[in-house]
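Asks: One letter stands for each residue in the lines below.
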Amino acid sequence: MGTTLEAVRVVAGRPEDGARRLADEAIVACLDAAGVGATEVDLLVNCGIYREGNLGEPALAALIQQDVGANLGHPPVGGHGTFSFDIAAGACGPLTAMQIVDGFVRSGAVRRALVVASDADPGRGRSLGFPYRPVGAAALLSRSPEAGGFTAFSAQLFPEHADDVRAEVRWEPRRRRFPWSAPGHNVLVVDRSPALVAHGTESAVKAVGRTLGELGLGLGDISSVITPEAAGLGASVVAELGRPGVVAGEGAHTAGVLAALARAQDEGRLDHGRALVVTVSAGLHVSCAVHEAPR
Amino acid sequence: MAETEARWLLMEAGGSDAMPFRARIESVGRRLPEDRVTTEAVMRSTRHRTRIDLERLTGIRERRWVGDGEDSATLAIDAARDCLRRSAHAAEDLDVLIVCSITKYRDGLAQQMEPPLSHHVRQAIGADRAQVFDLSNACAGLLTGMFVLNDWIRRGQVRCGMVVSGEDISSLARNAAKHVRHILSKELASLTLGDAGAAAIVDRAPEGSEGITAAGFTTLAAHSRLCLAQPSEREPGARMRTDSRGIHRAAIEDLPPLLREALDAAGLQLHDIDWVVPHQTSARAIRKGMAEVAQALGDEPRHPAVVTVDRFGNTASTTHVVALVEMLEDGRLRAGDRVALVALASGLEVGVLVVTVDEHLAGRDGHDA
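Listed in order, the protein sequences are those of chains A and B. Counting from 460, one number per residue, gives the positions in the first sequence under the working numbering. Counting from 9, one number per residue, gives the positions in the second sequence under the working numbering.
By construction, these hints were calculated from the structure, which means they are not laboratory data. The structure displayed is predicted, hence computed values, not measured ones. Do not take every clue at face value.
To be verified - Non-contacting residues of chain A with respect to chain B, defined by C-beta distances greater than 10 angstroms in every case (computed): (1) ALA493; (2) ARG636; (3) GLN724.
To be verified - Simulated DEER-style distance windows between Cβ atoms: (4) A:THR610 with B:GLU337: 41 to 47 angstroms; (5) B:GLU367 with A:ALA492: 49 to 55 angstroms; (6) A:GLU726 with B:PRO28: 23 to 29 angstroms; (7) B:ARG310 with A:ASP730: 55 to 61 angstroms; (8) A:PHE637 with B:ARG69: 40 to 46 angstroms.
Even glycine gets a Cβ: it sits at the ideal position worked out from N, Cα and C.
Here chain A stands alone, though its shape is the one from the complex (with noise of 0.2 angstroms):
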């Protein structure tokens, strides 16, 4: 039994869109690919980290799943309900949550779950210079008898470089243009280092090594790569890993590493042999996941 990827959607959107309607269409779009209705999805996790208002409370999750209908009702005895949280893992949060997934699915609570990531600018005059396109993505994930699907998941720290992304939501005073007008504003701030490329490809490799030592695995057991673009990064570790690649989701933030995925299913690349996700976010944190064809 193995947790499998039956559907993977993402969807583009307009600089003005809000992060929650990108997730919502996403869903749609990839429960109409899989022909199936909101109300059997058991879980959904959702990892996109920046949204409309900057919004703390509730979960994200929650409001996405009233948004598409996933099993609204009062829980009558003998119903059937649907559990949604947010996670926030950068750039990483799908492999995280579909880690979390596999884990319901393989004890058998679960049978379908949702991973959903979206990003956009928080609103006028809640971001300073926002970095990311507006990009949600969505992955239909699934109990299946057959061996394969996601096989081991992984997760490493390079704190030496944590400094290479920073993300905070902050006070920054500002001049009243009225004298009723706030003295200031909450703004998120998005730092991003020129180095992130070098480290994050170095740490990289260094986490590839390490998790397919631990699986007695090597390169050459690996059929194809699969990571986001991610401004320039994704195409360097590929490079260095020298192994094929797929390479999609440019400008994307958590949603990149889904688009890859959905390249990658597009073109057969998770029908054979083994794939390797690779995705680098913020602290420096890599995240790796095999995934086998199913048998």
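Since chain A is already given, all that's left is putting chain B on it; use the hints.
Replies: Leaving out everything else, chain B in the frame of chain A:
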């Protein structure tokens, strides 16, 4: 084992080939700021003359608020260290570290978005092996983190992990004090908030030991917009708008059948539960809610519902562990006691963890708050 068949809760209970192990709460810790703020002082600070007797409405006499140099990160780190002091594990034993706070303030009121706050806590406590991520599920966050850890430990994926929250949430109360005008104000609930840090280590229970016997969660998303919080447009920190009556109505209606589901999964009746530890919003709401649950189920737990909100206020995701620490310190909680940790949070998130206290947890010595 298809455990969600015909259930509303996403539930894990019992053992199976896929889940050969049992998880337990091995240790708990907390950090309460020194500054005590009475409800009278909070109401004196409101900009408008409200004529609201908040203490009578909620039963909250005082809460703790952070002082200089304290924030979400320091509260989380102090709670994690307190938890480790009471644990048989060292920081380097942790396979996973999950930060579950709503607030992620560092260096004042700067909400850290990336890297996740868990990276900072990992480094501060020296959990060098731990996989880390943040999890956000409003006031159900810490119990949701335990739910994830419970799954990973039961399947043998990891042996030991920590969930931790640092809630520097009093900025919402300070901001609400500028805006609350009357008893129907959507920001009235913000005046009940208090700051705290809390942490728990969950590990693989030794053979034959007690631990987490059932864990189930669901999101009643029809109510997802009853409580919304985000950074303020006018001042540092955040603001929260809550339809408290709507949440209470939904809880009264939906909690009894969900609690029944969780107890059924554990093979228990409500009278088998020694202590119900609900999320702490208001002493009055807790007592009224438990009376409604008892009436709906025709049964009641062995002791009245645990209340700490009178002294600490609503400390968001930390309330359950703050209460557990207190119960262990004052000797109320003993080996063999069955505890139902009941989450009720914005979303609307409902969760139940049924935990039997083992000798190890009950044998911990006292805490310094």
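Asks: Confirm or reject each hint.
Replies: Going down the list of hints, with the structure as the test:
no., hint, in the structure
1, ALA493, "holds, 19 angstroms"
2, ARG636, "holds, 14 angstroms"
3, GLN724, "holds, 25 angstroms"
4, A:THR610 with B:GLU337: 41 to 47 angstroms, "holds, 45 angstroms"
5, B:GLU367 with A:ALA492: 49 to 55 angstroms, "holds, 52 angstroms"
6, A:GLU726 with B:PRO28: 23 to 29 angstroms, "violated, 39 angstroms"
7, B:ARG310 with A:ASP730: 55 to 61 angstroms, "holds, 57 angstroms"
8, A:PHE637 with B:ARG69: 40 to 46 angstroms, "holds, 41 angstroms"
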